[in-house]
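Enquirer: Chain by chain, the residues:
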Amino acid sequence: MKPLSNLQIDFMGRRKLAFIVSAVMLIVSIGALVFQQLNLGLDFTGGTLIEVRYGAAPSLDAIRQLMVDSGFRDVSVQTFGASTEVLIRLQQAFDPDVGSDVVNLLRTSGENVNLVRAEFVGAQVGDQLRDQSGLGLLVALGVVMLYVAFRFQYKFAIGALLALLHDVIIVVGIFALFQLEFDLTVLAAILAVIGYSLNDTIVVYDRIRETIRTSRIDDMPQIFNEAINATLSRTLATSGTTMLVLIALLILGGDMIENFAIALLIGIGVGTFSSIYISGALLLPLKLSREDLIPTKKAIDEEEEELP
Amino acid sequence: MLNRYPLWKYLLILVVLVVGLIYSLPNLFPADPAIQLSSAQGDTLELRQIQRVESALEENDIVVKASEQENGQWLIRLRNDDDQLNARDIAADLLGSDATVALNLAEATPSWLQAFSASPMTLGLDLRGGVHFLLEVDMDAALTQRLEVNASAMRELLRSERIRYRNTEVEDRTLSIDFASSEDRDSARRLISRDFPNFEYSTQGSGRSSSLVMTLSDQTVNEIQDYAINQNLTTLRNRVNELGVAEPMVQRQGPNQIVVELPGVQDTVAAKRIVGATANLEFRLEARNDTPDAETETLSFRNDSARSAALMRDVIITGDSVSSASNSFDENGRPQVNINLDGTGGTLMNRATRTNIGRNMAVLFIEHKSEDTVVTDPDTGEETIEREPYVERGLISLATIQSALGNSFRITGLDSPTEAAELALLLRSGSLAAPIYFVQERTIGPSLGAENIERGLLSVQIGLLLLVLFMLARYKVFGIFANVALALNLTILVAVMSMLGATLTLPGIAGIVLTLGMAVDANVLIFERIREELRNGLSIQQAIHAGYERAFTSIVDANITTLLVAVILFSIGTGPVKGFAVTLSIGILTSMFTALMVTRAMVNLSYGSKPVKKLWI
Chain A
1 MKPLSNLQID
11 FMGRRKLAFI
21 VSAVMLIVSI
31 GALVFQQLNL
41 GLDFTGGTLI
51 EVRYGAAPSL
61 DAIRQLMVDS
71 GFRDVSVQTF
81 GASTEVLIRL
91 QQAFDPDVGS
101 DVVNLLRTSG
111 ENVNLVRAEF
121 VGAQVGDQLR
131 DQSGLGLLVA
141 LGVVMLYVAF
151 RFQYKFAIGA
161 LLALLHDVII
171 VVGIFALFQL
181 EFDLTVLAAI
191 LAVIGYSLND
201 TIVVYDRIRE
211 TIRTSRIDDM
221 PQIFNEAINA
231 TLSRTLATSG
241 TTMLVLIALL
251 ILGGDMIENF
261 AIALLIGIGV
271 GTFSSIYISG
281 ALLLPLKLSR
291 EDLIPTKKAI
301 DEEEEELP
Chain B
309 MLNRYPLWKY
319 LLILVVLVVG
329 LIYSLPNLFP
339 ADPAIQLSSA
349 QGDTLELRQI
359 QRVESALEEN
369 DIVVKASEQE
379 NGQWLIRLRN
389 DDDQLNARDI
399 AADLLGSDAT
409 VALNLAEATP
419 SWLQAFSASP
429 MTLGLDLRGG
439 VHFLLEVDMD
449 AALTQRLEVN
459 ASAMRELLRS
469 ERIRYRNTEV
479 EDRTLSIDFA
489 SSEDRDSARR
499 LISRDFPNFE
509 YSTQGSGRSS
519 SLVMTLSDQT
529 VNEIQDYAIN
539 QNLTTLRNRV
549 NELGVAEPMV
559 QRQGPNQIVV
569 ELPGVQDTVA
579 AKRIVGATAN
589 LEFRLEARND
599 TPDAETETLS
609 FRNDSARSAA
619 LMRDVIITGD
629 SVSSASNSFD
639 ENGRPQVNIN
649 LDGTGGTLMN
659 RATRTNIGRN
669 MAVLFIEHKS
679 EDTVVTDPDT
689 GEETIEREPY
699 VERGLISLAT
709 IQSALGNSFR
719 ITGLDSPTEA
729 AELALLLRSG
739 SLAAPIYFVQ
749 ERTIGPSLGA
759 ENIERGLLSV
769 QIGLLLLVLF
779 MLARYKVFGI
789 FANVALALNL
799 TILVAVMSML
809 GATLTLPGIA
819 GIVLTLGMAV
829 DANVLIFERI
839 REELRNGLSI
849 QQAIHAGYER
859 AFTSIVDANI
869 TTLLVAVILF
879 SIGTGPVKGF
889 AVTLSIGILT
899 SMFTALMVTR
909 AMVNLSYGSK
919 PVKKLWI
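Residue numbers (the numbering used here), protein chains in the order written: chain A, 1 to 308; chain B, 309 to 925.
Wrong hints could be hidden among the right ones.
A few chain B positions that, by computed beta-carbon distances, are all more than 10 Å from chain A [stated by the list, open to error]:
(1) Ala364
(2) Leu402
(3) Asp480
(4) Pro505
(5) Ser514
(6) Glu531
(7) Gln533
(8) Ala614
(9) Ile624
(10) Pro686
(11) Phe717
(12) Ser755
(13) Ser767
(14) Met779
(15) Leu904
With a straight-line Cα cutoff of 20 Å, these simulated EDC-like cross-link-like pairs (lysine to aspartate or glutamate) come out [unchecked claim]:
(16) B/Lys677 with B/Glu730
(17) A/Lys155 with A/Glu210
(18) B/Lys373 with B/Asp389
(19) B/Lys580 with A/Asp131
(20) B/Lys921 with B/Glu840
(21) B/Lys677 with A/Asp101
(22) B/Lys373 with B/Glu362
(23) B/Lys886 with B/Asp865
(24) B/Lys886 with A/Glu210
(25) B/Lys784 with B/Glu841
(26) A/Lys155 with B/Asp865
(27) B/Lys886 with A/Glu258
(28) B/Lys580 with A/Asp101
(29) B/Lys677 with B/Glu727
(30) A/Lys16 with A/Asp219
(31) A/Lys155 with A/Asp219
(32) B/Lys677 with B/Glu696
(33) B/Lys886 with A/Asp127
(34) B/Lys580 with B/Glu700
(35) B/Lys886 with A/Asp219
(36) B/Lys580 with B/Glu555
(37) B/Lys580 with B/Glu550
(38) B/Lys922 with B/Glu840
(39) B/Lys373 with B/Asp391
(40) B/Lys921 with B/Asp865
Since the hints were made in silico from the structure, they are not lab data.
Ideal Cβ positions, reconstructed from N, Cα and C, are used throughout, including at glycine.
Please model the entire structure based on the sequences and the hints provided.
Expert: Right under this line is the structure:
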């Protein structure tokens with residue numbers, strides 16, 4: 001089982017194509033984010049969510065009508081998983097008792113209704129969470145960048161950061177494009193994607209650094225190709241194993257972590273692509289040279305000026 | 309010699325393995341559904357009563373697995389959740405108001421494991437069902453309440469020293485008193501500042517419009533707010549204990565929020581009424597005809613708003629002075645609450661009633677409520693929700709003082725027995741130092757919890773199986789090493805989480821699944837490197853050595869960056885995100901140990917320091 005070991009794919013030669021693919025994905029993602037916006041979950045918007053289980057599959061329209069007639073506004077009714085499970089969402093968040101009220105209301109028509117879960121999130125909590133999450137993402141990116149700059153070199157840090165932004169934007173963009181619900185667990189998944197994709201990128205960078213130090217040629221594209229090909233089987237094996245497990249989670253894990261698994265699957269797919277292609281290829285326009293890693297006397301002086 | 313480990317490393321691995329096994333084992337013994345019986349009076353129920361419950365359960369075809377007594381409470385272990393619900397109802401009917409009956413999960417850890425103080429992971433609400441509340445404490449109200457109390461004490465002080473004042477006013481964090489002359493004000497200032505050092509004093513105006521303005525210092529404001537939160541935490545804990553919930557959680561979160569988690573509770577409405585109740589009592593004298601208007605307040609009755617009475621502004625005591633309370637019925641069968649006061653409360657009550665025999669005393673029922681209204685911005689059309697807190701006060705009784713009252717007395721005038729019982733409960737557990745509001749609420753049914761566990765476990769098992777097959781197919785003998793390490797990793801991860809007392813939630817299970825997927829990464833890196841070194845023509849022993857050596861920096865760098873992200877995730881996250889971050893962080897650390905040390909030990913044991921012809925990798 002060594003199909004990849006002796007392969008020498010000319011990744012750098014085709015980097016223009018990769019950049020175009022990335023650019024298209026980024027534009028679509030940003031477009032979706034701007035025009036369609038994220039379908040934010042209850043955690044962020046505030047509001048009330050009630051999941052009930054019926055004895056027999058109910059008519060969603062009837063439920064909707066019943067709710068509207070009883071004076072609820074902005075009601076969204078949908079099935080969740082099975083046809084007997086119904087998710088009711090209300091934007092009006094002014095009454096914490098609304099959960100039990102709705103169940104009582106649905107029971108008035110004589111049907112067998114059981115409350116599975118009811119969640120109520122106050123509007124301020126949502127705002128607070130949104131700010132906190134944004135801040136958390138920025139801090140995570142910043143800390144990681146500092147670590148890479150310290151362990152490698154600042155050009156690597158820029159490359160890694162751009163690759164990470166690329167991954168995050170595309171995952172969030174796909175969630176906006178397909179209007180998948182973006183809740184707290186999806187946010188956790190995105191942070192995990194940052195960790196994971198970085199993991200990949202670091203392994204490739206580590207190999208690039210090693211190859212630059214040991215090889216005698218100065219042709220950067222060729223060195224990058226060598227490094228990426230050497231780590232390719234590892235990258236694919238690890239992504240493969242993680243995706244296997246995620247697919248198990250997606251299929252078997254249940255509705256509550258479905259979006260979590262989707263976000264991770266997309267993120268790891270994009271992350272693998274970006275760490276093979278983007279993060280390495282980005283080092284070329286950044287003009288990474290041997291001197292950046294094996295500093296001559298002069299280069300050390302320069303570096304100290306560049307890095308305050 | 310290459311590829312040999314010193315003895316201590318093998319011993320270290322062995323010790324970690326044994327410890328990991330011991331502390332992860334309790335998780336294999338699922339907890340029994342049980343009902344928990346405790347006496348309402350605080351003492352232990354008699355064996356006779358328990359035997360009555362047991363025989364009643366058997367009559368209803370409910371199998372009792374065991375019953376045991378612990379910390380003054382009885383636990384009756386049952387077979388399944390349905391039995392548990394039925395058993396609770398049966399026991400509650402049988403024991404009536406003597407006992408509190410609650411649902412519980414009884415640990416089934418064998419005693420030899422308990423000797424190591426090993427216990428299973430606690431399950432989060434999403435896995436066992438229950439209610440989660442996030443409450444916000446109204447800090448402004450806490451300040452206002454404190455100032456009102458101070459104002460009342462100051463008025464008393466001024467009256468006893470015969471200094472005339474006209475009006476007292478409370479606004480934000482300042483308290484101002486108006487006087488008829490500057491002299492009165494100055495002597496009042498001397499007097500008050502001696503007893504109330506926490507204020508910053510200033511004077512305004514002179515002559516007939518002179519007033520004394522007292523502002524709380526920042527430090528005092530902080531102290532009051534801290535006190536309010538801590539007092540509320542204590543009160544909420546008392547109330548939750550009165551509800552008879554097993555393993556409740558009441559915890560501060562952030563500067564002004566409190567999280568309450570009640571596992572197993574399904575009746576949210578009742579739980580919310582008790583947890584969030586802000587009811588309190590005040591005892592006041594009825595105003596005399598000649599009392600100046602500034603000192604009186606007219607309030608109406610709770611059950612008859614047409615009737616009203618003028619009361620003194622000054623409060624004799626509040627419900628905070630109550631040391632114990634219980635509910636019963638008076639001779640006419642109407643609900644009543646029997647109250648015992650603490651020492652100071654009793655003295656105050658005695659002093660006030662002794663000198664006022666023949667006057668009326670009122671019991672005032674006070675409740676803090678809030679109303680949310682949707683406000684539409686006329687310019688943007690944007691809707692925001694504004695919360696308007698208000699206080700509901702109503703008289704529940706107005707009775708003539710026949711004789712000096714002491715420490716214990718009773719109050720009547722309540723609407724229903726339930727109301728009497730809840731009022732007694734609230735008086736027992738203490739009032740809230742500041743009003744609280746529900747800002748978040750989650751109810752998870754028990755069926756969803758069981759389903760989540762089942763699905764979570766299944767996906768862990770399937771994911772693990774896929775991984776094991778993949779590693780075997782790709783790395784053969786080395787795949788076995790990696791798989792053993794993976795199993796050990798899972799064991800240690802579960803053991804560490806159990807030892808830390810971490811709560812297992814659904815995102816936590818997802819974290820475990822993801823960790824497993826990523827845990828093999830380190831081994832993949834090493835094995836690929838060994839293969840590569842073999843292709844480059846290194847000898848087998850050298851290739852193994854170089855493989856581990858050269859992959860090391862990649863593995864450490866990659867894992868540290870992931871760990872950084874996990875730690876940030878933990879520090880900013882709440883609830884589900886935190887659970888995920890905890891498992892991810894622990895998983896990264898344990899997987900580094902197993903992937904680097906444990907597989908190396910196995911490789912060294914099988915291949916080290918002996919001639920090897922071919923490496924099955």
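Enquirer: Indicate, hint by hint, whether the structure satisfies it.
Expert: Structure-based check of all given hints:
no., hint, verdict
1, Ala364, "holds (27 Å)"
2, Leu402, "holds (27 Å)"
3, Asp480, "holds (21 Å)"
4, Pro505, "holds (36 Å)"
5, Ser514, "holds (45 Å)"
6, Glu531, "holds (25 Å)"
7, Gln533, "holds (18 Å)"
8, Ala614, "holds (29 Å)"
9, Ile624, "holds (35 Å)"
10, Pro686, "holds (19 Å)"
11, Phe717, "holds (35 Å)"
12, Ser755, "violated (7 Å)"
13, Ser767, "violated (4 Å)"
14, Met779, "violated (8 Å)"
15, Leu904, "holds (15 Å)"
16, B/Lys677 with B/Glu730, "holds (17 Å)"
17, A/Lys155 with A/Glu210, "holds (16 Å)"
18, B/Lys373 with B/Asp389, "holds (13 Å)"
19, B/Lys580 with A/Asp131, "violated (29 Å)"
20, B/Lys921 with B/Glu840, "holds (17 Å)"
21, B/Lys677 with A/Asp101, "holds (19 Å)"
22, B/Lys373 with B/Glu362, "holds (10 Å)"
23, B/Lys886 with B/Asp865, "violated (23 Å)"
24, B/Lys886 with A/Glu210, "violated (37 Å)"
25, B/Lys784 with B/Glu841, "holds (18 Å)"
26, A/Lys155 with B/Asp865, "holds (17 Å)"
27, B/Lys886 with A/Glu258, "holds (18 Å)"
28, B/Lys580 with A/Asp101, "holds (14 Å)"
29, B/Lys677 with B/Glu727, "holds (17 Å)"
30, A/Lys16 with A/Asp219, "holds (18 Å)"
31, A/Lys155 with A/Asp219, "holds (18 Å)"
32, B/Lys677 with B/Glu696, "holds (9 Å)"
33, B/Lys886 with A/Asp127, "holds (18 Å)"
34, B/Lys580 with B/Glu700, "holds (18 Å)"
35, B/Lys886 with A/Asp219, "violated (46 Å)"
36, B/Lys580 with B/Glu555, "holds (17 Å)"
37, B/Lys580 with B/Glu550, "holds (13 Å)"
38, B/Lys922 with B/Glu840, "holds (15 Å)"
39, B/Lys373 with B/Asp391, "holds (11 Å)"
40, B/Lys921 with B/Asp865, "violated (34 Å)"
In this structure, the earlier hints numbered 12, 13, 14, 19, 23, 24, 35 and 40 are contradicted, and the remaining ones agree with it.
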